[in-house]
Amino acid sequence: MRQRDVELAIVGGGAAGLAAAIAARRAGVSDVLILERGQDLGGILPQCIHTGFGLHYFGENLTGPEYVSRFIKQANALRVEHKLETMVLKIAPNRTIRAINRVDGPMCLRPKAIVLAMGCRERPWGTLGIPGARPAGIFTAGTAQWLMDIGGHMLGKRIVILGSGDVGLIMARRFAMEGANVEAVIEVMPYPGGLSRNVVQCVDDFNIPLLLSHTITRIHGSDRLEGVRIAQVDTRRKPMPETERSLKCDTLVVSVGLIPENELSRDAGLLVDEQTGGPVVDENMATSLRGVFACGNVVHINDLVDHVTWSGEIAGKSAARYAFGSFPPPRRRIRLRPGRNVRYVVPQIISGVKPVTCYLRVKRPMRRVVIHVGDTYTFFRRIVRPPEIEVFTLPGDEQIKDGPMVVSITMRDNRDADA
Amino acid sequence: MTQTREVTCIICPLGCKAKLILDEGKVISVTNIECPRGEAYAITEINAPVRDFFTTVKVAGARVPMLPVRATGPIPKDKMMACIREVSEIVVQAPIPLGTVIVKNLLNLGVDLVSTRSLDAM
Numbered sequence: 001m002r003q004r005d006v007e008l009a010i011v012g013g014g015a016a017g018l019a020a021a022i023a024a025r026r027a028g029v030s031d032v033l034i035l036e037r038g039q040d041l042g043g044i045l046p047q048c049i050h051t052g053f054g055l056h057y058f059g060e061n062l063t064g065p066e067y068v069s070r071f072i073k074q075a076n077a078l079r080v081e082h083k084l085e086t087m088v089l090k091i092a093p094n095r096t097i098r099a100i101n102r103v104d105g106p107m108c109l110r111p112k113a114i115v116l117a118m119g120c121r122e123r124p125w126g127t128l129g130i131p132g133a134r135p136a137g138i139f140t141a142g143t144a145q146w147l148m149d150i151g152g153h154m155l156g157k158r159i160v161i162l163g164s165g166d167v168g169l170i171m172a173r174r175f176a177m178e179g180a181n182v183e184a185v186i187e188v189m190p191y192p193g194g195l196s197r198n199v200v201q202c203v204d205d206f207n208i209p210l211l212l213s214h215t216i217t218r219i220h221g222s223d224r225l226e227g228v229r230i231a232q233v234d235t236r237r238k239p240m241p242e243t244e245r246s247l248k249c250d251t252l253v254v255s256v257g258l259i260p261e262n263e264l265s266r267d268a269g270l271l272v273d274e275q276t277g278g279p280v281v282d283e284n285m286a287t288s289l290r291g292v293f294a295c296g297n298v299v300h301i302n303d304l305v306d307h308v309t310w311s312g313e314i315a316g317k318s319a320a321r322y323a324f325g326s327f328p329p330p331r332r333r334i335r336l337r338p339g340r341n342v343r344y345v346v347p348q349i350i351s352g353v354k355p356v357t358c359y360l361r362v363k364r365p366m367r368r369v370v371i372h373v374g375d376t377y378t379f380f381r382r383i384v385r386p387p388e389i390e391v392f393t394l395p396g397d398e399q400i401k402d403g404p405m406v407v408s409i410t411m412r413d414n415r416d417a418d419a
Numbered sequence: 001m002t003q004t005r006e007v008t009c010i011i012c013p014l015g016c017k018a019k020l021i022l023d024e025g026k027v028i029s030v031t032n033i034e035c036p037r038g039e040a041y042a043i044t045e046i047n048a049p050v051r052d053f054f055t056t057v058k059v060a061g062a063r064v065p066m067l068p069v070r071a072t073g074p075i076p077k078d079k080m081m082a083c084i085r086e087v088s089e090i091v092v093q094a095p096i097p098l099g100t101v102i103v104k105n106l107l108n109l110g111v112d113l114v115s116t117r118s119l120d121a122m
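If you're matching them up, the sequences are chains Z and C in order.
Numbering-wise (the numbering used here), the first sequence opens with residue 1 and increments by one.
Numbering-wise (the numbering used here), the second sequence opens with residue 1 and increments by one.
There's no promise every hint is true.
Stated by the list, open to error - As a list, the in silico DSSO-like pairs of lysine-lysine whose alpha-carbon atoms are at most 27 Å apart:
| hint | chain 1 | residue 1 | chain 2 | residue 2 |
| --- | --- | --- | --- | --- |
| 1 | Z | K90 | Z | K112 |
| 2 | C | K58 | C | K26 |
| 3 | Z | K157 | Z | K248 |
| 4 | C | K19 | Z | K157 |
| 5 | Z | K157 | C | K79 |
| 6 | C | K58 | Z | K73 |
| 7 | C | K26 | C | K79 |
| 8 | C | K26 | Z | K157 |
| 9 | C | K19 | C | K79 |
| 10 | C | K104 | Z | K363 |
The hints are simulated quantities; they were obtained by calculation from the structure and are not laboratory data.
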């Protein structure tokens with residue numbers, strides 16, 4: 001088997017992996033190798049043909065392919081090496097990587113440092129357990145997006161979308177623009193799952209009914225999808241039989257969440273946060289295994305690619321320092337623990353000695369709130385909503401106590417507590 | 001003759017539902033909005049709403065059959081479907097560098113349709 005030493009190996013060549021590779025090369029790492037499973041660099045972005053990328057990072061409104069092409073160009077200019085159609089099979093706790101592709105065959109790589117940038121995949125619709133047959137015409141939203149916007153296939157004429165996350169909303173607009181009838185977007189929660197700009201521009205603009213507190217209770221059809229039965233749900237998300245009705249459709253697009261892709265991380269024995277579904281990281285994007293760093297959607301599901309890029313840059317710089325042998329273990333590890341109305345906080349561990357940008361996902365919407373970080377810091381917000389991540393910066397402060405800090409959200413006053 | 005319209009603001013996550021009162025089509029009052037940027041957005045949404053325009057066109061001679069394209073600036077919202085019809089029959093030939101003008105001055109709207117991806121010839 002082919003064996004090779006390398007300074008830095010990056011698993012995944014999407015937005016996160018590219019940013020990490022560029023940052024590491026700029027920090028002076030000579031030998032950076034990206035291992036990418038797909039046929040192209042860029043991850044999910046080449047199929048995200050809509051605008052809204054780069055507003056924060058570049059101050060420009062780009063499409064997905066435009067955004068990622070800037071990073072591919074930089075990576076090429078910096079002579080970052082990449083292997084496409086290359087599958088990483090295993091990462092051992094001693095950081096040995098086993099990978100395979102058609103050109104090199106099986107490989108054994110021995111990198112000084114590793115950046116994990118595998119991204120996420122879609123929650124498959126089978127996990128919902130909807131009664132009925134399994135006819136043709138049911139797609140996850142990302143697959144539908146690939147088939148339409150890369151593959152050039154029109155998938156159907158009457159579309160129902162299950163789930164109002166951003167990918168589902170964006171596909172509602174794509175189908176409507178390409179001349180299909182989008183019968184409804186169905187969301188089990190009482191509020192939309194995606195960004196409000198996508199609700200307005202993808203659903204309201206095309207007069208597509210957005211049915212909140214609804215779900216699909218049955219699939220109709222045997223060879224090809226013929227329709228779905230839908231029902232309103234009660235406050236405990238149980239369908240109410242008296243509200244059931246049928247919707248005719250030939251295509252069902254399912255957008256019910258994204259899952260960080262961490263089989264490799266778990267195999268390698270990394271500590272995984274069950275709330276994010278990704279490795280536990282500190283402010284340097286270091287995981288629980290020395291020399292292994294992680295960034296982007298493999299750590300937690302980001303709303304905006306700009307944040308993915310920034311996390312990749314941190315991971316790339318940290319991995320470079322590790323590869324040079326100048327990455328001592330942090331003197332202190334302060335755990336940030338989710339408290340009231342907090343699903344998760346990333347990074348999960350801080351040192352307290354330098355400013356850290358933190359990302360927080362809430363459990364339910366609230367208006368006029370205070371985010372408390374331990375007894376030390378407070379941040380005011382007019383609104384918090386699960387689809388929009390909260391970003392705040394903790395100042396570097398030697399005064400921080402050593403123990404864990406609970407991050408919780410409370411009402412600022414008693415009025416209008418729940419949005 | 002006055003009428004009332006509601007606009008959901010997209011400037012920030014608050015998502016204010018602005019109430020606008022129109023007199024003969026002109027906005028005479030905006031309420032239920034928390035900031036001046038939102039107020040300006042709500043008025044634009046009534047008077048001259050614009051949207052980004054993007055889609056795909058067919059490409060021959062490349063590894064994939066579709067080329068993503070966009071308009072170089074926002075277009076009037078009510079011209080979206082006309083633009084889609086205008087570009088639906090276009091077939092371009094690879095190679096296509098990123099930023100290639102596919103349609104100059106799309107429907108006389110003062111914007112060009114450009115490619116958003118490079119595609120090599122096969």
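I'd like to know which numbered hints this structure contradicts. Please list them from smallest to largest. 2, 4, 8 and 10
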